[in-house]
Amino acid sequence: MFKEHIGKQSNKVKNIVERGAVKKFAEAIGDLHPIFVDEETGKNSRYSRNIAPPTFPRVFDYGTIDGLNLPNKGLIHGEQTYHYERPLLVGEELTCYSVVENYFEKKGTQGEMGFLVLESFGEDDMGQVVFTSTQTVIITEAVRKVLIG
Amino acid sequence: MSRLAEWKIGESLKEIQLDPVDRITLIKYAGASGDYNPIHTIDEEAQKAGLPGIIAHGMWTMGNLAKLFTNFYEEGYIQDYTIRFKGMVFLNDVVTLQAELAEENENNLRFLVRAVNQNGNEVIKGTVTCQLYASSY
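Residue numbers (full-length UniProt numbering), protein chains in the order written: chain E, 1 to 149; chain W, 1 to 137.
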């Protein structure tokens with residue numbers, strides 16, 4: 001039921017690396033480092049401005065993939081990767097979207113487990129990819145049965 | 001604080017032990033990240049999902065683990081960060097963050113990273129690759 005979505009892409013959405021959101025996020029992960037939140041430190045750094053923590057792209061809107069309806073409960077986050085060309089800069093605008101990279105099933109302890117691999121991208125205003133992230137979501141048999149109804 | 005470039009293979013960064021996980025921390029992460037899955041904040045919802053109690057967001061632990069490298073931002077940046085979620089983090093768990101240098105290729109350092117709970121069990125595990133800036137090595 002997810003295989004048919006492989007290769008599908010979401011609509012592109014513009015996101016701003018917003019100063020207040022970065023501060024709130026840094027605080028939530030217990031990392032209120034001046035490079036993230038203090039303007040003076042940012043100005044004097046090699047980046048000439050503040051940067052965002054590497055897992056900050058969690059907050060971005062990646063648009064929706066037509067027909068892909070993931071339940072908001074019962075999913076297990078299996079793996080997560082981030083790849084960066086450079087750190088994210090506070091104040092910059094990124095165009096974000098996701099692609100269904102793969103879907104496969106494997107026998108596990110809780111029956112037939114489904115593995116959905118979503119790849120997400122953030123591009124700068126020149127269309128250059130700044131970061132890529134891959135998220136592997138595990139969907140248990142019980143949850144899939146509910147989806148089928 | 002010493003520089004990343006001076007680290008030798010097999011050496012570890014100074015580990016960080018987090019405060020015991022409490023509910024307000026997870027509520028804050030839910031708000032900051034936009035992940036409002038109630039198994040992270042509401043007991044009844046966690047129990048309905050078959051859990052003994054609320055669990056931390058895997059991404060909360062992953063976010064925390066990266067702070068081992070925040071002090072080195074002038075020297076390099078995290079180019080790759082890969083994590084496998086291995087175990088659940090419950091309320092009152094005490095999580096310790098660790099990183100050990102595994103590989104060095106001129107301006108590229110690969111660390112094995114993990115977070116363990118108070119019983120020594122890995123909750124997340126993976127790698128961080130730091131790309132050093134040309135002027136730093």
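Honestly, the hints are just simulated from the structure, not real lab data. Do not take every clue at face value.
[As the list claims (entries may be wrong)] These stretches of chain W come out as covered by chain E in the derived footprint (C-beta under 8 Å, 3 or more residues): (1) 50-64; (2) 78-90.
[Stated by the list, open to error] Below, computed lysine to any residue pairings styled on SDA-like, alpha-carbon distance capped at 25 Å: (3) W:125 / E:124; (4) W:86 / E:59; (5) W:86 / E:143; (6) W:28 / E:75; (7) E:8 / E:89; (8) W:125 / E:43; (9) E:73 / W:14; (10) W:28 / E:8; (11) E:43 / W:92; (12) E:23 / E:144; (13) E:73 / W:86; (14) W:125 / E:8.
A virtual CB, placed ideally from N, CA and C, is assigned to each residue, including glycine.
The hints, checked one at a time:
no., hint, in the structure
1, 50-64, "holds (count 6)"
2, 78-90, "holds (count 8)"
3, W:125 / E:124, "violated, 30 Å"
4, W:86 / E:59, "holds, 23 Å"
5, W:86 / E:143, "holds, 20 Å"
6, W:28 / E:75, "holds, 21 Å"
7, E:8 / E:89, "violated, 29 Å"
8, W:125 / E:43, "violated, 34 Å"
9, E:73 / W:14, "violated, 37 Å"
10, W:28 / E:8, "violated, 33 Å"
11, E:43 / W:92, "violated, 39 Å"
12, E:23 / E:144, "violated, 37 Å"
13, E:73 / W:86, "holds, 19 Å"
14, W:125 / E:8, "violated, 30 Å"
Taken one by one, the earlier hints fail for this structure at numbers 3, 7, 8, 9, 10, 11, 12 and 14, listed in ascending order.
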